[in-house]
Structures are given as C-alpha cells and as structure tokens.
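Chemist: Can you make the complete structure from the sequences, with help from the hints?
Mapped onto this note's numbering, the consecutive letters of the sequence shown carry residue numbers 1 to 66.
Be aware that one or more of the hints could be misleading.
Said to hold, decoys possible - Cβ-Cβ distance ranges computed for the label pairs, FRET-style:
hint	residue 1	residue 2	range
1	Ala4	Ser50	15 to 21 Å
2	Leu22	Pro65	37 to 43 Å
3	Asp39	Arg59	28 to 34 Å
4	Ala4	Ser40	29 to 35 Å
5	Tyr5	Gln44	18 to 24 Å
6	Phe29	Arg62	41 to 47 Å
7	Ile53	Glu21	16 to 22 Å
8	Asn58	Glu24	28 to 34 Å
9	Ser47	Lys7	17 to 23 Å
10	Arg8	Thr38	28 to 34 Å
11	Asn58	Phe29	37 to 43 Å
To be clear, the hints were calculated from the coordinates, so they are not data collected in a lab. Backbone N, C-alpha and C fix where the C-beta goes; we use that ideal spot for every residue, glycine too.
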Amino acid sequence: MNYAYLKRLYARRAELEAKLELHEARYCFGEEEVDDGTDSDLHQRLSEVSDEIAALENRTARAFPG
1 MNYAYLKRLY ARRAELEAKL ELHEARYCFG EEEVDDGTDS DLHQRLSEVS DEIAALENRT
61 ARAFPG
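Modeler: Right, here's the structure in full:
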C-alpha cells in the first residue's frame, strides 16, 4: 500500500469534514440564506474519500492478516 497516498486521503477527509462543519455552522447561524448545493456536494466528496480510504484499508487487511 502506498502510505503517502493514504496519508493524503486522511488529510483530504479532515479538510472536507472541516469545510462541511463550517458550512453547516454558517447555515445554522443565518450567514448563508440558501443551501446552494454546497452541503450535498461536500457530503458526496467526503463519502467518496471515505470509501477510497476504506477500500485501501481493506486491501491492506487482506494482504497482511492478523
């Protein structure tokens, strides 16, 4: 497994989680009037990155059981 790539994926997931949290806070406090699709886009990208991380972790677990 390419650990550098996995590390970048973890960083990307953390970045997306922070962006989503900020977007949700702005929306809750009325700074953003209308959800322009940003919320669903961030959720989609976060899901894609999380799925890729899970796939890499599963491949590693199968390659190195125990």
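Chemist: Could you check the structure against the hints above and give me the numbers of any it violates, in ascending order?
Modeler: Structure breaks hint 10 only.
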